[in-house]
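Asks: As a plain string of letters, each chain reads:
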Amino acid sequence: MLGYALRRLLTLVPTLLAASLLVFLFVHLIPGDPAAVLLGDSATPEEIASLTRELGLDQPLYTQYLLWLGNVLQGDLGTSIFFRIPVTAVIADGAETSILLALMTMVWIVILGVPIGVVAASYRGTWVDQVTSGGAMLFASVPTFWLGLYLILIFSVTLGWLPSSGYPSIRDTGGLANLRYLLLPSFTLAAPNAALIIRLVRASMLDVQREDHVRTARAKGLAPWKVSVKHVFRNALIAVAAAFGFTFAALVSEAVVTETVFSLPGIGRLVVQSILRRDYPVIQGVILVIVVLYMVINLLVDLAYARLDPRVSLK
Amino acid sequence: MTAILTMGRIFRGRWLATAGLCWLILVALAAIFAPLVAPYDPLEFDPLVRLSPPSQEHLFGTDHFGRDSFSRSLYGARMAIVIGFGSVVVALVAGGLAGMISAYFTRLGHVIMRIVDVLMAFPALLLALVLMTLLERSVVNTVIVIGIVYATTTARILFGMTLKLKGEVFVDAATCSGAGHASILFRHILPNLVSPLLVQASFIFAFAQLQAAALDFLGLGLPPEVPSWGNMLSESRIYVTRASWLLLFPGALIILSVFSMNLVGDALRDSIDPRFRNDIKGV
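First to last, the protein sequences are chains A and B. For the first sequence, my numbering gives the first residue as 788, with consecutive numbering after it. For the second sequence, my numbering gives the first residue as 7, with consecutive numbering after it.
Read the hints as simulated data drawn from the structure, not as lab findings. Incorrect hints may appear among the rest.
Unchecked claim - A short list of chain B residues far from chain A (calculated; beta carbon distances all over 10 Å):
(1) T24
(2) A36
(3) N147
(4) G166
(5) S201
(6) D276
As the list claims (entries may be wrong) - Estimated spans, in silico, between C-beta atoms of each pair:
(7) G184/B with Y910/A: 51 to 61 Å
(8) A836/A with K170/B: 49 to 59 Å
(9) S144/B with A836/A: 31 to 41 Å
(10) Y910/A with G19/B: 16 to 26 Å
(11) L35/B with A879/A: 49 to 59 Å
(12) L35/B with L966/A: 46 to 56 Å
(13) A882/A with R281/B: 38 to 48 Å
All C-beta atoms in this analysis are idealised placements derived from N, C-alpha and C, irrespective of residue type, glycine included.
Let the hints inform the model, and build the full structure from the sequences given.
Replies: Structure below.
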């Protein structure tokens, strides 16, 4: 197990370096002088010259990359053109919203996805199964922003039950009551992903049901619900756990859209606004943080998977 | 004739998938005959009827410029087809070649597949967004960007499939009879991958619609003047409280098309070689 963990960790390093190289090159791929690009349109020639020196833009590309990487490893992601503060501070500002949104979304996904998937599998082939599986596929086909806009129209505009946009920090005012600002966004974000989990839970339940140990459990006269819960469901969850890395990537993508629809001050909206503002240091920083996070989560998922199913690490 | 028979076999008893196929044919017809069917010019402003609800003159109502939503939806079908097919072609050609070559020439493959790994470290929409910031907003660029995003998954899938086929006896036989690398790859291995590729294509087609709509909504997809379903939704966003039909119709068109394509992909997947069935993740 430890050997497996180390092996996986080592394979991560080259991918991470290559990804950081891509993120670094991003600014150089934009047409124009990188220093001018980083400083934005309002920069004076003196500012451009000083940043060129500071970032070593007059040096060869590989030196620049090493300098940049050195800064990144020390937690310096550069300065935002728009806010004029360090990129790390800008990202930290959006973190609360995005993390809480992600957690609430996960809760929705688990309470919706797992039970419905189990029900679909237990009633395999009946109308219950067809409706839930078909419904799940339908939900996976809905554009996130469309669902969000409709929920706003119904729950905020027509019924007036929930706020339609924004999110005041729980540290400032309102405390945990502010979480209601995230109810609609988290449901919007969860819907397509819960749909995928429903189909996944159903498929893996059906897979496990065919295995020998389940037949043995049934043959020895165990109550059907006990077979379902202890022998089928627990094993089926392994496949679901393995899908969480994928779910994270989908969440990040859709959070960009959802946070824009609900005007949430999170990292997803930060990406879009930074792109529209041409705030390249922030784009670079956020993308780097997300890629690293994604890789770490994938690693954790793989390790958890190997722990749950020891056959994996022996391969 | 055989094609029709095969289709009949695949879709028999799957009434929902059959309905999906019919809807897709309808969308394709709307796209082809849009100029003939559309009652109005999709770009024509008519301030007198701005934001009017659905009526006999304007089936889907009008938008904030008084443009006819029904006509715009018909032209939007064109964009949906162009984006879908374009992304499929880019993804299958680029990803397919990368995957097949990687599996066949293992040394080179190591390098190519590591590059694919790195690209897959970026969540799909994020990769698309970053690429779009480097490029101008245009139909061609949107197609290329979405195609590249799905080329990575396609490469990985085709890599696995080619690897499975490489060990088969028919490949050994072809090698013994003196077939060259290109001939083995494209005349012996590729024909076996046509049906899985078709399944993959249908899922890419479906996902591409959602990605394109999301890009349009964020203002980083097709140019704003292009009448696409995503742009129609994006523009109507601030008017939804007064004109909910502007949200309803284009959204319903996207959902129906994506849902149909997913259903068709699902039906096709069940009919292909069982060895490849689990390689292709759809919905």
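Asks: Work down the list of hints and note, for each, if the structure agrees.
Replies: Quick rundown of the hints versus the structure:
At roughly 14 Å, the least C-beta separation between T24/B and chain A is larger than 10 Å, which holds for a residue marked as non-interface. No beta-carbon of chain A comes within 10 Å of the beta-carbon of A36/B; the shortest separation is about 19 Å. No Cβ of chain A approaches the Cβ of N147/B within 10 Å, the least distance being about 14 Å, so the stated non-interface status holds. Annotated as non-interface, G166/B keeps its C-beta farther than 10 Å from every C-beta of chain A; the closest such distance is 15 Å.
Listed as a non-interface residue, S201/B keeps its Cβ farther than 10 Å from every Cβ of chain A; the least gap is roughly 21 Å. Every CB of chain A is more than 10 Å from the CB of D276/B (nearest about 13 Å), matching its label as outside the interface. A hinted range of 51 to 61 Å for the beta carbons of G184/B and Y910/A is consistent with their spacing of about 57 Å. At roughly 58 Å, the beta carbons of A836/A and K170/B sit within the given window of 49 to 59 Å.
Checked against the hint of 31 to 41 Å, the C-beta distance between S144/B and A836/A comes to roughly 35 Å, which is consistent with it. Here the CB-CB span from Y910/A to G19/B is close to 19 Å, well matched to the stated 16 to 26 Å. For L35/B and A879/A, the hinted distance range of 49 to 59 Å is satisfied, since their beta carbons lie about 53 Å from each other. Evaluation of the 46 to 56 Å hint for L35/B and L966/A yields a pass: the beta carbon distance comes to about 48 Å.
Judged by the Cβ atoms, the range 38 to 48 Å given for A882/A and R281/B holds: they are separated by roughly 45 Å.
Going down the numbered hints, you'll see the structure goes against none, and every one checks out.
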